[in-house]
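Participant: What follows is the residue order along each chain.
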Amino acid sequence: MCSPYPKVACAATVESIQPVGTDVFSLVLVRQFTPVSTCGDRGIIPEPIPGQFFMLRARPSGVLLGRPISVYCYDDRTITFLILKKGKGTSELCSVSPGQQVDIIGPIGNCFLRPDSSEIEEVIKTAITPRTEESAELSVAVIGGGIGVAPVAGFALSLPPGTFDFYASFRTGTYGLDGIAAIAKNVIITTEDGSFGDRGMLSDVFNPELYDLVYACGPTPMLKYIQSACKNASRHPLVYLSLEQHMACGAGACLGCTIQTMHGNKRCCVDGPVFNAAEVIL
Amino acid sequence: MSEGTQNMAGKKADLSLKIAGISFTNPIIAASGTFGYGREYSDVIDVSRLGGICSKGLTLEPRSGNTGRRILETPSGLMNSIGLENPGIPHFIEHELPKMLELGPVVIANLSGSTLNTYVEGARLLDASDVHMIELNISCPNVKAGGMAWGLDPKAAATVTKAVRRVTNKPLIVKLSPNALSLVKVAQAVVNVGADVLSLVNTFQGFALDITTGKPVFDNITAGFSGPAIKPLALRMVRDILLGVPQCSPTRKFSSVPSELAIRKKHKKNRFVPVIGLGGISCWQDAAEFLMTGASAIQIGTAIFANPHVIGDVITGLETFYGRRS
Numbered sequence: 001m002c003s004p005y006p007k008v009a010c011a012a013t014v015e016s017i018q019p020v021g022t023d024v025f026s027l028v029l030v031r032q033f034t035p036v037s038t039c040g041d042r043g044i045i046p047e048p049i050p051g052q053f054f055m056l057r058a059r060p061s062g063v064l065l066g067r068p069i070s071v072y073c074y075d076d077r078t079i080t081f082l083i084l085k086k087g088k089g090t091s092e093l094c095s096v097s098p099g100q101q102v103d104i105i106g107p108i109g110n111c112f113l114r115p116d117s118s119e120i121e122e123v124i125k126t127a128i129t130p131r132t133e134e135s136a137e138l139s140v141a142v143i144g145g146g147i148g149v150a151p152v153a154g155f156a157l158s159l160p161p162g163t164f165d166f167y168a169s170f171r172t173g174t175y176g177l178d179g180i181a182a183i184a185k186n187v188i189i190t191t192e193d194g195s196f197g198d199r200g201m202l203s204d205v206f207n208p209e210l211y212d213l214v215y216a217c218g219p220t221p222m223l224k225y226i227q228s229a230c231k232n233a234s235r236h237p238l239v240y241l242s243l244e245q246h247m248a249c250g251a252g253a254c255l256g257c258t259i260q261t262m263h264g265n266k267r268c269c270v271d272g273p274v275f276n277a278a279e280v281i282l
Numbered sequence: 001m002s003e004g005t006q007n008m009a010g011k012k013a014d015l016s017l018k019i020a021g022i023s024f025t026n027p028i029i030a031a032s033g034t035f036g037y038g039r040e041y042s043d044v045i046d047v048s049r050l051g052g053i054c055s056k057g058l059t060l061e062p063r064s065g066n067t068g069r070r071i072l073e074t075p076s077g078l079m080n081s082i083g084l085e086n087p088g089i090p091h092f093i094e095h096e097l098p099k100m101l102e103l104g105p106v107v108i109a110n111l112s113g114s115t116l117n118t119y120v121e122g123a124r125l126l127d128a129s130d131v132h133m134i135e136l137n138i139s140c141p142n143v144k145a146g147g148m149a150w151g152l153d154p155k156a157a158a159t160v161t162k163a164v165r166r167v168t169n170k171p172l173i174v175k176l177s178p179n180a181l182s183l184v185k186v187a188q189a190v191v192n193v194g195a196d197v198l199s200l201v202n203t204f205q206g207f208a209l210d211i212t213t214g215k216p217v218f219d220n221i222t223a224g225f226s227g228p229a230i231k232p233l234a235l236r237m238v239r240d241i242l243l244g245v246p247q248c249s250p251t252r253k254f255s256s257v258p259s260e261l262a263i264r265k266k267h268k269k270n271r272f273v274p275v276i277g278l279g280g281i282s283c284w285q286d287a288a289e290f291l292m293t294g295a296s297a298i299q300i301g302t303a304i305f306a307n308p309h310v311i312g313d314v315i316t317g318l319e320t321f322y323g324r325r326s
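Those sequence lines, one after another, are chains A and B. Numbered as in the working numbering, the first sequence ends at 282 without a single skipped number. Numbered as in the working numbering, the second sequence ends at 326 without a single skipped number.
Since the hints were derived computationally from the structure, they do not count as laboratory data. Nothing here was measured: the structure is a model prediction, and the numbers come from that model. Take these hints with a grain of salt, some might be off.
Covered, in the sense of this in silico footprint (three residues per stretch, anywhere, with C-beta under 8 Å from a C-beta of chain A), are these stretches of chain B [to be verified]:
(1) 31-42
(2) 52-66
(3) 79-88
(4) 307-314
Selected chain A positions facing chain B (Cβ under 8 Å, derived; list incomplete) [to be verified]:
(5) Lys7
(6) Ala9
(7) Leu65
(8) His246
(9) Gly256
Here are the simulated DSSO-like cross-link-like pairs (lysine-lysine), alpha carbons at most 30 Å apart as the crow flies [said to hold, decoys possible]:
(10) B:Lys185 with B:Lys155
(11) A:Lys266 with B:Lys99
(12) A:Lys224 with A:Lys185
(13) B:Lys215 with A:Lys224
(14) A:Lys224 with A:Lys88
(15) A:Lys266 with A:Lys86
(16) B:Lys253 with B:Lys18
(17) B:Lys215 with B:Lys231
(18) A:Lys266 with B:Lys215
(19) A:Lys185 with A:Lys125
(20) B:Lys185 with B:Lys162
(21) B:Lys231 with A:Lys88
(22) B:Lys253 with B:Lys12
(23) A:Lys86 with B:Lys215
(24) A:Lys88 with B:Lys215
(25) A:Lys85 with B:Lys215
(26) A:Lys185 with A:Lys231
(27) B:Lys11 with B:Lys253
(28) A:Lys88 with A:Lys266
(29) A:Lys86 with B:Lys231
(30) A:Lys224 with A:Lys266
(31) B:Lys231 with B:Lys12
(32) B:Lys162 with B:Lys18
(33) B:Lys18 with B:Lys185
Don't be surprised by glycine CBs; every beta carbon is placed ideally from N, CA and C.
Required output: the full structure, derived from the provided sequences and hints.
Facilitator: If you want it as structure tokens, here you go:
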């Protein structure tokens, strides 16, 4: 599993905020932070692993709780999030100004297991249908739907070039795909209004028979489709889904974000957000 | 930084106190259901600074909690419908308690149940464990059987408190429901049968409707309501108890002097039953307001979700505030 990186609760400074799509903004936060509390320290926000998220809340804010937002990308100095303006909390976050501060808790959660990781090798080895061509490379699909493209795009950019197909499905227009075309084997885009790529939805272009390993994040109906399509596919691809849930603490304490699985309730925040599709009940 | 703290340089007050014979380094306690078993927050804050930690609500048997949506934020408030999800008391004692005891703060097991028997059996197990105190939860609004039903009626509240009291010598806190028709009567009833401490308030029962579907937001229909929005209601109820239950009086150390409640001195011969106040506390000023009203200690819950540092801020703020007053 992913190593449990240290978390921080602090106020981070906004470097920039830019619109990147319809109601979607790119928020860049500076990783270096100074104390804002009587008991806070100065320090640096720990490096997130692709798949992890933060609880974010604008300062000042009219809402009570942070909102769980996935990491899009990061470098030594900054962390970037893509935020869909949906309710009050996200509207505030999309309206911040450079220099303003944002309350953050994170990085939180597990991560996407990389195709070349020993864990994946182990799971594939013990899968119901053993692979016949042991030496062959795994055929990998990375799928993002709407704002769900953020965590999977960040993950895809960390993979070796030419080792995966990237699918992105949007209602209208695209965002969050910087650098993907240069690194993915194939990029397949759908929009419901035909404004970019193929008109339609993921189910119109995705063939689960082609893959051994699938990573996805997006709206629940899309994840349900992927879960069921892959379950019925002859290669029985291993599928990892990054799930979203209403959250209060992001610490695993409140049990407000539980996900039902074959092994009982799991906390989306700290047991997830990435789950094996064969285990979750969507 | 909470406003005002910076201007109050000077000596820091010693906030230590005893509640029902148990020593607390300060009167700040993490409220049940908001702090897991303590370790959940140990990577972001110094958990050892807390005076005490209340465990997640525990039942004899494991419970998977409620289905459907569990959390809904409202203006300055939070509705929850967790439904007492917990691994059961035997699991708690074996797996969570040892690590919880290592954290340092006083460990308070929040005991819930459905039938009288499950409360009693749960209390027996906790009594034989190393928990420092038991907080009897007769006020969870999110379960169909038991929970709050025991806390709404003075007779039912006395029945369960008496039964639990009989099987444990641990200091017994009874956590009251603000949904009781007569909170003072419920409080008096549990004090009469041996409650050592009262804590109040648990969440208010609320309701939310999804106007797009026309259906209740929560599968369990109603949900518990907490957060800053309930603070004035909670504070009023704490004051009602301090005024209405002779055994409950302010702790001199923190209350405002002269207190309107100092009149309680005439009840000296009564057993002293301290009150722990909670409900919407989200900064040291809120905490001071409860303490000056007469609460002996306070619990912080919902505010931790948004800012775990609130615990340290409240402790530091109170140390400075009382340091300046002394």
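Participant: How about the stretch 31-42 of chain B: do at least three of its residues have a C-beta closer than 8 Å to a C-beta of chain A?
Facilitator: holds (count 6)
Participant: Assess, step by step, whether the Cα of B:Lys253 is no farther than 30 Å from the Cα of B:Lys18, and give holds or violated.
Facilitator: holds, 11 Å
Participant: So if I understand the rule, the pair passes when the alpha-carbon distance is 30 Å or less; does A:Lys266 with A:Lys86 pass?
Facilitator: The hint holds at about 26 Å.
Participant: Does B:Lys215 pair with A:Lys224 here, judged by a C-alpha cut-off of 30 Å?
Facilitator: holds, 23 Å
Participant: Quick one, are B:Lys11 and B:Lys253 close enough, alpha carbons at most 30 Å?
Facilitator: Holds - the C-alpha atoms of B:Lys253 and B:Lys11 are around 16 Å apart, at most 30 Å.
Participant: Would you settle whether the hint for A:Ala9 is holds or violated, based on the nearest Cβ-Cβ distance to chain B being less than 8 Å?
Facilitator: It holds, given that the least Cβ distance between A:Ala9 and chain B is near 5 Å, below 8 Å.
Participant: Taking the closest Cβ pair, is A:Gly256 under 8 Å from chain B?
Facilitator: holds, 4 Å
Participant: For A:Lys185 and A:Lys231, compute the direct alpha-carbon distance and say whether it is at most 30 Å.
Facilitator: Within the cut-off at roughly 24 Å; holds.
Participant: Are there three or more residues in the stretch 52-66 of chain B whose C-beta lies within less than 8 Å of some C-beta in chain A?
Facilitator: This one holds; 3 residues, not fewer than the three required, reach chain A with a Cβ under 8 Å.
Participant: Mind checking the alpha carbons of A:Lys224 and A:Lys88 for me, to see if they're no more than 30 Å apart?
Facilitator: holds, 28 Å
Participant: Restraint: A:Lys7 near chain B, CB-CB cut 8 Å. Satisfied or not?
Facilitator: holds, 5 Å
Participant: Does the closest beta carbon of chain B sit nearer than 8 Å to the beta carbon of A:Leu65?
Facilitator: A:Leu65 check passes; min Cβ-Cβ to chain B is 5 Å, inside 8 Å.
When held up to the earlier numbered hints, the structure conflicts with none and fits them all.
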